[in-house]
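Okay, here's what each chain looks like letter by letter:
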Amino acid sequence: MTDTTFEPFVRNAWYIAAWAEELDDGLVGRTIMNEPLVIFRDADGKASALEDRCCHRGAPLTSGQVTSEGIECGYHGLIFDGAGKCVRVPGQDNVPSNAWVRSYPIVERHQFVWIWMGDPAKADESLIIDYPYHEQPDKWPHRKTMFPIKANYMMMMDNLMDLSHLGYVHGKTIGGNPNVHTGAETTAEPTERGCLLTRWMMDSPPPPTYVKAVGFKGNIDRAQIFEYVAPASVIQRSIGIDVGKGARENLEQPGLHFRLFHHATPETETSFHYFFSMANGYRQDDPSATQQLYDETYPTFLEDKEIMEIQQQRLENDPSRELVNIKADQALFLARKKLHEMIAAEQAEMVAAAE
Amino acid sequence: MTDTTFEPFVRNAWYIAAWAEELDDGLVGRTIMNEPLVIFRDADGKASALEDRCCHRGAPLTSGQVTSEGIECGYHGLIFDGAGKCVRVPGQDNVPSNAWVRSYPIVERHQFVWIWMGDPAKADESLIIDYPYHEQPDKWPHRKTMFPIKANYMMMMDNLMDLSHLGYVHGKTIGGNPNVHTGAETTAEPTERGCLLTRWMMDSPPPPTYVKAVGFKGNIDRAQIFEYVAPASVIQRSIGIDVGKGARENLEQPGLHFRLFHHATPETETSFHYFFSMANGYRQDDPSATQQLYDETYPTFLEDKEIMEIQQQRLENDPSRELVNIKADQALFLARKKLHEMIAAEQAEMVAAAE
Amino acid sequence: MTDTTFEPFVRNAWYIAAWAEELDDGLVGRTIMNEPLVIFRDADGKASALEDRCCHRGAPLTSGQVTSEGIECGYHGLIFDGAGKCVRVPGQDNVPSNAWVRSYPIVERHQFVWIWMGDPAKADESLIIDYPYHEQPDKWPHRKTMFPIKANYMMMMDNLMDLSHLGYVHGKTIGGNPNVHTGAETTAEPTERGCLLTRWMMDSPPPPTYVKAVGFKGNIDRAQIFEYVAPASVIQRSIGIDVGKGARENLEQPGLHFRLFHHATPETETSFHYFFSMANGYRQDDPSATQQLYDETYPTFLEDKEIMEIQQQRLENDPSRELVNIKADQALFLARKKLHEMIAAEQAEMVAAAE
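Line by line, the protein sequences give chains A, B and C. Numbering-wise (my numbering), the first sequence opens with residue 1 and increments by one. Numbering-wise (my numbering), the second sequence opens with residue 1 and increments by one. Numbering-wise (my numbering), the third sequence opens with residue 1 and increments by one.
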């Protein structure tokens, strides 16, 4: 079996269950690691995640509604609090002691709703990635979304950590000329929690999206900084600065700046929820700048989705076939290496606990 | 495994294969207990059910047509009589002795077409439920229909025998206020062939459907009488009478009266054909009364369908998990108990026959 | 298991991968015998077939494009020549020696693109069926198409070699009266590579399509000559000549003449690509004659598709059940016999090779 299919999930880690704004519209039903969940805010606004299966007759809690006491099953009206404890059974005074549903640690921070699918005792909030930009609309106005992709979640991590695909999959939009990408100065280095991919394309023609964003007239020095944080996040910075302004020495000067947060939450072994937010660090007082960047980029992720979904089918067809490594895979391998360490550690803990 | 999923079917019992009126429009193709069937009337109007698979090359008989001799396969023209015997092979004079398809006992009575999926020798017509109301258009004008639900057939029996769901699933239509339902005086008792659930909601506000039907001005005494007849029928009477008229003593007096016949014919372990007929015992000379009741009720069954289909998925996810019992399950348990007795008896017979 | 389901494929044989004209529009993605393929012409116009799976990360080559060097993967830009060898990896000078994808022998002849799914060393071009009519637009103007059918490919061979179905499935179009068909003088005889079915319907009413084609005024002598060439081709000639003209003695005289080439390329065990071409040997200078014949016939193949797809389901339901033989199956059995000889020979070779 190659490393691209059907490895065990890392359970003791934080995954994005939802964007905070999704919960503002009511209950969210979502399957994570094959477990159907209902995610909701209680009457006090606190987010919770419960298994989406009433303990009474197995009905979905997502068919119900939030009451002042908790979430009420839409079938026979049992109510569960955010910890999963049944607090009311219609038609009787007592609640059976075995009436509860599984709950999951949830932390809402920086407009992410993070969930811990593993051992609740290990749910260490300090492991949550810090991402203050979502709270800085004046500096980083942003837009967020989510859509499903029918592929193993790591296909997205692979995609993001091998940017040589930009010129082929996205040549007409954010990518630009493939030769620019294959000629990029690329460094890949391990980090404590994953790896870092840095690419410089000096004195290169800006891709169409860049020109639309900030009106470049000539070539630019272009940097892409992608940080993989295992198991399922990639934090992206993209920068374009007019040639001759000393971009390498000063990344913070005016030009094109945007940040993306990418996350792939496993739904099943062969599907994931792709979350991304996109923030622009230019023309911050012009809402159309954010919208334009989003409108330019969103379709490119659908291009990725299309290719990944067939890629997944091809790999599933014969998972035992070896893949062929090329130089562009350097960061991808560092990412996979870190993931494998996490999986190995977690599996070892499980074995130890079972002994 | 819980009792809600994948128990063996009861085969030695009568199930509704179709409404009689369905056969008036021609052949009906329907899968029952995983067996694809063709149900049709012969040239004399007699109903028959055959497996929907020609013995010659396996083509579906539903692609054919009824002739004076029987049903003609739509592929190469073999003709089978209602007993499944091939009576004609185009292009040859003799019919091979092994040319036959399986036939099933069929009884048409009271506008039901009943089928027996088990041992034909045990097909006792006296077991067919008597339901003369379908033949009494002056007293009980009615309307019938059928639709598929992707859940184990017993989910429907559970649904009907635990009426505490009315206030939650159907609050805005036939159900009304949930507190009325959870406060109902409820009795559940075993019967020879199943169980009987009786609920009285004295001096309670009538639900919207009731008001539309007969124009109640104030509170009513409301009764619901649901009889489960194993394995797959529920016979329902619903009654509403103005408060103070002595409803308990005289159920037959003017008011709102309706009868439903519910039946869940297994298509597979995880899907069934839901048949129901609905008869009104008020404003019998006004066809719009029947139509109105039907139009009010039909959407509520789609509400049930929606919740049952997800419930089925949740139970299938992990059939071994125990469910939690509550007081409202009393009739449901009597129903399941009777079903289990039938299953156990049938399995014991099969074992004995095999020895 | 009956002989109608799930026999091994014959791999050492030529199958139609595509019509030549399909490749004129660009890449064709097509699954044959469970193997996803990309079929394309290189910059010189030579047709090739490669597995549709890049050796780098498993992405589909069908997402790419043809360049002067070969087909370029649409994900990271690797380029493969028509033999499957990787000739370029973006971003590096050398190509890893293990960078190749599987290629398949392809021969383009008479507007067929033939593929060999077995041992390339055995790909003998002399086995390709000669069919010059596609190159004779003055004598045999024609039209070709392809559509998918969800059934084992041999269902189509069975269909074509038992023409008693014409009167039942296609009574209103090309078939005409069933009695004409069941009364046809039929001979079935083995040939070196399959079998030959010949049917004469002397002094019979022409079916509607025939009348539209050449305006028959009275009865005709009608011949159907179907040659099965194992494993997956049927070559059809249909002829109608006015009664009294001595049709048997001289088949080539004026009348209605058409030729069809039928082919069923297995996609999976339970689906195939149905290729057919249809050529008319009358009114050759009137393009509407070809179009009219096509428009009359195409819908009849959809009638076959519909019945075969349910037939397949019925046979899959219980593959072990025996079928019942009738006289009309004579040619079908000769065809199956030849197929079984090919399968047996190929299996024996595989066993011998493994020893």
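Hints should not be assumed to be uniformly reliable.
[What the hints assert, rightly or not] When the alpha-carbon atoms are kept at most 25 Å apart in a straight line, the in silico SDA-like pairs for lysine to any residue are as follows: (1) C:305 / C:35; (2) A:150 / B:65; (3) B:327 / A:150; (4) C:150 / B:109; (5) C:327 / B:97; (6) A:85 / B:323; (7) B:85 / C:313.
Hints in this document: simulated from the structure, not taken from any laboratory.
Which hint numbers does the structure go against, in order from smallest to largest? As far as the earlier hints go, 2, 3, 4 are violated by this structure, in ascending order.
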